[in-house]
Amino acid sequence: MKLSRYHVASPPVLDHETGEMQRVIFATRSAEPRVVSAALWQLIESGELDSVPMDVLNELVDIELLVPDDEDEAAVILQRNDAAARDDDNLYLVIQPTAWCQLGCGYCGQEHFQRRLNPDHQRRFLERARAKLAAKPYKTLELIWFGGEPLVGISVIRAMTPSLKALAEEFGVIYHGRVVTNGMLLSDALATELVRDLGVGYIEVTLDGIAPYHDARRHTKKGGATFDQIYANVVSLARRDDLHVSLTVRCNVDRRNYEGVSPLLRKLAADGVQKRIGFYVAPIHSWGNDAHLESLTTEEFAEWEIRWFVEMIELGFNPSLIPKRRPIVCFAVQPNSELVDATGELFNCTEVSYVPKYGIPNQYAIGSLKDGETPGKRAVLASFNERVRRGEYACHTCRMLPVCGGRCPKLWLEGITPCPPPKFNIETRLLLRYAQLRLAASAPGASAGSRVAAAANGA
Amino acid sequence: MDSLFQAAADAYRNGKRNQRQPSAAATGRTFDHLLSIAVAARLSRDEQLLGRAASGARSRALKAARNGQLDIARQALSESAQILQSGVLSAEARLFLKSFHEAVAAYLDFKRGDPDLARARVERALAADCVLISQYGYDILELHRIQLGHNLMRVEARFGEPQQATAIGAALLSYTEGDNSSWPFPRFGDGARPDHLPDELAEAMVIQISGELAILLAGKPAEETVHLLSVALPHIEGIATDRCNDHLLAHQWLRAKWGFARQAWPAFFENLSDLLRDGLADAPLLWRASVADLYVACEALDTDGAEALRREIAEDVRAWPRVPEPVRAVFARSREATAVSI
Ligand code: SF4
Ligand code: SF4
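Protein chains in written order, with the numbering used here: chain X, 19 to 477; chain D, 2 to 343.
Isolated chain D (complex conformation):
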């Protein structure tokens, strides 16, 4: 046990020194690139340019919404909506723009605290994606479809439906790993071919979905975590799909979290060590959520080594950039809220 803790501590120290940059942006570029190839093959030059203008407006909307500037976001979104009305767009181009427009509009509703409208809009986007994938051959939109599913998971998580959210998350993991039958929204499953997704995009999506689970479970009491996470047991055991083993980081995190919640410390420290060692570049959120769990474990361990590591983490966390509130709150709650014992 001591040696496993020490290995986890060493892995943390090694990981925090590893300065590799997050690779999510590169994945985004890959998706954008593949999408632009698909669009160039199907839409007219005029439509492509209008699509680009709409994309610019949506980016501004998204940035403002993330920043809490909802009036600016609304204005930018209205510019995107205006383009959607353009008479020069074909039905296909309009559907294409509509899918992305509704997704951003849903985020705005989400930020405004209106889950019903957010759900309805995501569903409209999903419906558009179904047609685009099954009738117009936009295979790359499979990733967008999963992203939209992930957005619905966020809506459920944020608006008090954690069980629904974890169920969606576990199903999306299986689907992204190629299991057609796991798609959690059967109404919007036309043309499903998740196995067509390029590997690096599937990997990025699996990490993103796990990250959402990590936010959802951060700071939750052990018993509730076990209850919620049990829906992902096949993934924890690595038997959910043939490709569970391809997505190591996400599955290491799932196993570590499961160990943490069940107070199965050897499993927790072992998986944590593997996850933390290489730094946060490949999965920043999973890395930080795991450090939060390690921090709580240190509090409970009550040894000199654990206390030293706890202090070190507390100091390091001060320099972390923006981290989702539930993860940050773990450090704020600290000692008195410790629900585990070792």
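Bound conformation, chain X alone:
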């Protein structure tokens, strides 16, 4: 057996309770972290497995930190990823009900115009959904309402949801609706309707910092401020006990607003919603434009992200520190997933429709509702794993591949390296998680048992 190349080891840290130097090891193949003594790690790293107790070795095999000597690991991970994409039992469909958005965000690459998905297109899309459900035994139908601003097209959501839910019921699959919104229209009444009547269980709203930062970039098309209204909607929804919905705030960050993140965290905490929402910060990438030129470098972002994590933990948020397995990079590689824009064009990516730079017809379009899919077009993005396999991208040799998946097929294709922050701060994330668990375990009221468990299981 050999040490898997897919691992990360934190720097050694002194455990004050045991007096031992420890490391947190993260097997990215299984996304499982473990705490081991620095001495033991030295033996494992140098291949002196005969000196390692058998029960420890068994555990390391179970989490795939040790793998067969002759295994081509990259090939195995990519084959697993391919199989996961083909076999996914969740049918993932995205609808852009409208091409319009009230906001004029500086970094947005879309060109908005007044158009809604018309009834004929709605009918054709439902027919496609039916054919997909009939072709394969899915367990869930995940429907994402995306923009433009999807809530501007609420009439389309209202018109289509009963048929989508009926389809799900007909095929015995569970229906999950999600909305990605700017939050402007997310009033109490509309949130209630979305959740109770329109099958929405997840809502994501973007806030780019507190008002001065947010309003400088996420303003209306005429330049009007939007923060107060969106923030009020978010807090109001977060406080509601009568609606079962996951609410996440996304904060897009570049050089111009990264200092607005901490004040936003503090504001949300002061309003008491930190335990009721998810929160994550996302670096701004190119959206077929030059938005990425204002980005922090990934290394800078990664450093800031750790500070935000610490602050979030202190304020009572529950940040996701340890990446999970990501066998499906995104819906671009799922053979049956698709997005329809408000004009009836079909895509297998969320960031390409309405983007002028991609031309007319859009170079990424995979077809249209009228004519169906154009042979070969889906593969432009869907063949991503194949290109990784051929060694065209750094993912081929990257230890994070199992938990990253390669991040973004489109950006790689456009010559932009999309590596996410964990590539640069995973060691610190591991230590942070370890510290978090140790602190929780030694808090008043934690039992000796939970302390031991925390130490044994680490992050």
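Treat the hints loosely; a few may be bogus.
Stated by the list, open to error - As a list, the in silico DSBU-like pairs of lysine-lysine whose alpha-carbon atoms are at most 30 Å apart:
#: 1; chain 1: X; residue 1: K157; chain 2: D; residue 2: K64
#: 2; chain 1: X; residue 1: K342; chain 2: D; residue 2: K221
#: 3; chain 1: D; residue 1: K17; chain 2: D; residue 2: K64
#: 4; chain 1: X; residue 1: K150; chain 2: D; residue 2: K112
#: 5; chain 1: X; residue 1: K20; chain 2: X; residue 2: K240
#: 6; chain 1: X; residue 1: K285; chain 2: X; residue 2: K20
#: 7; chain 1: X; residue 1: K150; chain 2: X; residue 2: K388
#: 8; chain 1: X; residue 1: K375; chain 2: X; residue 2: K388
#: 9; chain 1: X; residue 1: K154; chain 2: X; residue 2: K183
#: 10; chain 1: X; residue 1: K342; chain 2: X; residue 2: K239
#: 11; chain 1: X; residue 1: K239; chain 2: X; residue 2: K285
#: 12; chain 1: X; residue 1: K342; chain 2: X; residue 2: K293
#: 13; chain 1: X; residue 1: K239; chain 2: D; residue 2: K112
#: 14; chain 1: X; residue 1: K395; chain 2: X; residue 2: K375
#: 15; chain 1: X; residue 1: K441; chain 2: X; residue 2: K150
#: 16; chain 1: X; residue 1: K20; chain 2: D; residue 2: K221
#: 17; chain 1: X; residue 1: K150; chain 2: D; residue 2: K64
#: 18; chain 1: D; residue 1: K17; chain 2: X; residue 2: K154
#: 19; chain 1: X; residue 1: K375; chain 2: X; residue 2: K154
#: 20; chain 1: X; residue 1: K157; chain 2: X; residue 2: K388
#: 21; chain 1: X; residue 1: K20; chain 2: X; residue 2: K342
#: 22; chain 1: X; residue 1: K388; chain 2: X; residue 2: K183
#: 23; chain 1: D; residue 1: K112; chain 2: D; residue 2: K64
#: 24; chain 1: X; residue 1: K20; chain 2: D; residue 2: K17
#: 25; chain 1: X; residue 1: K183; chain 2: D; residue 2: K64
#: 26; chain 1: X; residue 1: K150; chain 2: X; residue 2: K20
#: 27; chain 1: X; residue 1: K183; chain 2: X; residue 2: K150
#: 28; chain 1: X; residue 1: K157; chain 2: D; residue 2: K112
#: 29; chain 1: X; residue 1: K441; chain 2: X; residue 2: K293
#: 30; chain 1: X; residue 1: K154; chain 2: X; residue 2: K395
Said to hold, decoys possible - Simulated coverage check for chain X against chain D, where a stretch passes if three residues somewhere in it have a Cβ under 8 Å from a Cβ of chain D:
#: 31; region: 63-75
#: 32; region: 92-99
#: 33; region: 139-148
#: 34; region: 207-213
Calculated directly from the structure, the hints in this document are not laboratory data.
Don't be surprised by glycine CBs; every beta carbon is placed ideally from N, CA and C.
Knowing the structure of chain X, use the given hints to seat chain D with the ligands on it.
This is chain D with the ligands only, laid out in the frame that chain X set:
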């Protein structure tokens, strides 16, 4: 008769309130533990670790196959196959891994609807077990051998050979209870010592085999059930082996089912009461299959008490977790398909 029905109804109500958890996982752990002791005594550390990696791959394959994700299952199985090719494995270690690999591969073929390939693979696994048991002393693999026999029974049941399946099932029951001569696959019987099986593992296996019979017979017309089940008559009468009486649950179910099929209601209700009273923890499938029979009996009884119980069961069933389709179908078919009269 009324009092026997009432006793069965009370037993059902008592049983459904009993929240003990199923104990099958604990049995699995016992088997894994005994197997790991056997392996530790015979294989090198390297081989044991490779074996563990292969076992992980097989578990993933099995989980995916059960979930209907056959591409993921195939991929995981190919990782197990890759380990089988490893040059560092001794002949013994390779044979050991091969037995378990072929068993999972057979399940994949079974799910893909290829009975011939599934049978062939189970037979390869059985052949490997024979050598491992008789030449290398892996007594604990006796359980695996019976499990493989049970897998063949499933193949026959699923692919339209119910008579063959029940015959295998009845023979496996006798064999698991220690009767050497009953092993239904003589080509793969080398080193047979079923009497060496630890009691709790034999008990679990007897329940598993009966459970398979229960799925096979669920919803079948009375006459066909009698015809198929007659092969297990010695077990129903408790005279098949010396240990029939040790495996109470399975034999209670057999007797209840026999009573149900022959419309011998006193025997049905009496055995059913004993089976249902303690809840489903020890034999969830037998418990639920018996409730399905009770449900059908209630429909036929046509009394207020029976109707109340029928409604109660119908309501309870809605909260049942995944149950094999033939058992669930009994409730779906309900009244119009009732083939019995009381
Ligand atoms: S995108 Fe970057 S971090 Fe992700 S697998 Fe590829 S190289 Fe690694
Ligand atoms: S290709 Fe990139 S931008 Fe497009 S959906 Fe996938 S991750 Fe998103």
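Status of each hint after checking the structure:
1. Annotation: proposed proximity of K157 (chain X) to K64 (chain D) holds, straight-line Cα distance about 15 Å (limit 30 Å).
2. Distance restraint check for K342 (chain X) and K221 (chain D): the Cα-Cα separation of roughly 47 Å exceeds the 30 Å cut-off, and the hinted pair is therefore not satisfied.
3. In summary, the hint linking K17 (chain D) to K64 (chain D) is supported, as the alpha carbons are separated by about 28 Å, within the 30 Å threshold.
4. Proximity of K150 (chain X) to K112 (chain D) is assessed by CA-CA distance (about 22 Å); at most 30 Å being required, the pair is judged to hold.
5. For the proposed pair K20 (chain X) and K240 (chain X), the alpha carbon gap of about 61 Å is over 30 Å, so the pair is violated.
6. A distance of roughly 49 Å separates the Cα atoms of K285 (chain X) and K20 (chain X); the hinted pair therefore is violated under the 30 Å criterion.
7. Straight-line distance between C-alpha atoms of K150 (chain X) and K388 (chain X) comes to about 17 Å, which keeps the hinted pair within the 30 Å bound.
8. Proximity of K375 (chain X) to K388 (chain X) is assessed by CA-CA distance (about 23 Å); at most 30 Å being required, the pair is judged to hold.
9. Proposed proximity of K154 (chain X) and K183 (chain X) is supported: the alpha carbons are some 18 Å apart, at most 30 Å.
10. For the given pair, K342 (chain X) sits about 38 Å from K239 (chain X) by alpha-carbon distance, which is inconsistent with the 30 Å threshold.
11. A hinted pair counts as satisfied when its Cα atoms are at most 30 Å apart, and K239 (chain X) with K285 (chain X) qualifies at roughly 26 Å.
12. As the CA atoms of K342 (chain X) and K293 (chain X) are separated by approximately 21 Å, the hinted pair is consistent with the 30 Å bound.
13. At most 30 Å may separate the alpha-carbon atoms for a hinted pair to count; K239 (chain X) and K112 (chain D) exceed this at roughly 56 Å.
14. Taking the CA atoms of K395 (chain X) and K375 (chain X), the gap is near 18 Å; set against the 30 Å cutoff, the hint holds.
15. A C-alpha spacing of about 36 Å is found between K441 (chain X) and K150 (chain X), which places the hinted pair above 30 Å, so the restraint is violated.
16. Note on K20 (chain X) and K221 (chain D): the hinted pairing is violated, with a Cα-Cα distance of about 54 Å set against a maximum of 30 Å.
17. A hinted pair counts as satisfied when its Cα atoms are at most 30 Å apart, and K150 (chain X) with K64 (chain D) qualifies at roughly 24 Å.
18. The suggested pairing of K17 (chain D) with K154 (chain X) is violated, with an alpha-carbon distance near 36 Å, which exceeds 30 Å.
19. As the CA atoms of K375 (chain X) and K154 (chain X) are separated by approximately 36 Å, the hinted pair breaks the 30 Å bound.
20. At most 30 Å may separate the alpha-carbon atoms for a hinted pair to count; K157 (chain X) and K388 (chain X) meet this at roughly 28 Å.
21. Restraint check for K20 (chain X) and K342 (chain X): satisfied, since their Cα atoms lie roughly 23 Å apart, inside the 30 Å limit.
22. Taking the CA atoms of K388 (chain X) and K183 (chain X), the gap is near 23 Å; set against the 30 Å cutoff, the hint holds.
23. Of the supplied pair hints, the one linking K112 (chain D) and K64 (chain D) holds, its CA atoms being roughly 12 Å apart against a limit of 30 Å.
24. For a cut-off of 30 Å, the pair hint linking K20 (chain X) to K17 (chain D) is broken: about 50 Å separates their Cα positions.
25. Taking the CA atoms of K183 (chain X) and K64 (chain D), the gap is near 29 Å; set against the 30 Å cutoff, the hint holds.
26. Between the alpha carbons of K150 (chain X) and K20 (chain X) the distance comes to roughly 43 Å, so the proposed pair goes past 30 Å and is violated.
27. At most 30 Å may separate the alpha-carbon atoms for a hinted pair to count; K183 (chain X) and K150 (chain X) meet this at roughly 15 Å.
28. Between the alpha carbons of K157 (chain X) and K112 (chain D) the distance comes to roughly 17 Å, so the proposed pair stays at or under 30 Å and holds.
29. Using a Cα cut-off of 30 Å, the hinted pair K441 (chain X) and K293 (chain X) holds, with the two alpha carbons roughly 27 Å apart.
30. Straight-line distance between C-alpha atoms of K154 (chain X) and K395 (chain X) comes to about 22 Å, which keeps the hinted pair within the 30 Å bound.
31. Counting residues of the region 63-75 of chain X whose beta carbon lies closer than 8 Å to any beta carbon of chain D gives 4, which reaches the threshold of three, so the coverage claim holds.
32. Proximity of the region 92-99 of chain X to chain D, defined as three or more residues with a beta carbon under 8 Å from a beta carbon of that chain, is established by the 3 residues found.
33. Figure legend: the region 139-148 of chain X, annotated as covered by chain D; annotation inconsistent (0 residues with Cβ-Cβ distances under 8 Å, at least 3 required).
34. Counting residues of the region 207-213 of chain X whose C-beta sits closer than 8 Å to any C-beta of chain D gives 0, which falls short of three, so the coverage hint is violated.
Consistency with the previously given hints fails for numbers 2, 5, 6, 10, 13, 15, 16, 18, 19, 24, 26, 33, 34, ordered from lowest to highest.
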